[in-house]
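**Q** Going by numbering that gives the first Met the number 0, the residue at position 230 of the sequence shown is 229; the numbering climbs one at a time, nothing skipped.
Hints are computed from structural coordinates only; laboratory data are not their basis.
A hint or two may mislead.
25 Å max Cα-Cα, derived DSS-like pairs, lysine-lysine [stated by the list, open to error]:
#1 K91 x K11
#2 K51 x K264
#3 K264 x K91
#4 K140 x K51
None of these values were measured; they are calculated from a predicted model.
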Amino acid sequence: MAYLLPSEFVTKMVDAGESKVHMSTRDTLIRAYMAGAILALAAVFAITVAVKTGVFLIGAILFPVGFCMLYLMGFDLLTGVFVLTPLALLDKRPGVTVQGVLRNWGLVFLGNFAGALTVAVMMAFVFTYGFNTDPGAVGAKIASVGESRTLGYAEYGAAGWFTIFIRGMLCNWMVSMGVVGAMISTSVSGKVLAMWMPIMLFFFMGFEHSVVNMFLFPSGIIMGGDFSVMDYFIWNEIPTALGNLVGGLAFTGLTLYTTHIRTGKKRAIA
């Protein structure tokens, strides 16, 4: 398993951020759509395994398969571009502007949401045989997750909102470590192993991922969850996305960039 030095893979992070800012609208939307759809399928898979086995850890162990697939195919998640594109701005790459970064974030959000929503509708149709039957144990579990992670937080007011925000920070700390981990190796096996560990951790710990939630909560509403679209956005998606941005950029992107690219002045030896 070939290994790249930190100074080498951090440069790759900046290069990746630059390329994403300059990517065409069409390509950005297609890649984001596919990423949202694949991650949604992985979430269904993990929840199904957890419900059928009664062991949530098994679902968490298997969930990273979706992240690995979408990353190897070159698709983009909002959590990833939150970390990579600002580094290209900080590095003053040609043509990279604040407006360009925000444009990329907006397009990736739309693409991820459309992909996740497509899978939510498709899986709800499958679970209910065309909305003609009860969604079953897996569908009921998805609906209950939507309720507990919106109304459950709302019960605590501002403290609940900031709890989601912090869970979002912790989530993208781990997810961004997966993104970066894939850059430290030049082999498929090395990339998969480096991605698998932090993604499994975030899922098992119940941290909040904005793109996974783009599937879970619309799916929960479709399958009878007792919460509204506004509950979802105010008490989950907005604080989760903000937490994902802050956590991934602060704990992973900026720390790696400042200590491996914009390094401090070396100490003088007496």
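**Q** All hints, please: hold or fail.
**A** Comparing the hints with the structure gives:
The hinted pair formed by K91 and K11 meets the criterion: a straight-line CA distance of about 15 Å does not exceed 25 Å. For the proposed pair K51 and K264, the alpha carbon gap of about 56 Å is over 25 Å, so the pair is violated. Distance check on the hinted pair: K264 and K91 sit about 20 Å apart at the alpha-carbon level, within 25 Å; holds. A hinted pair counts as satisfied when its Cα atoms are at most 25 Å apart, and K140 with K51 qualifies at roughly 11 Å.
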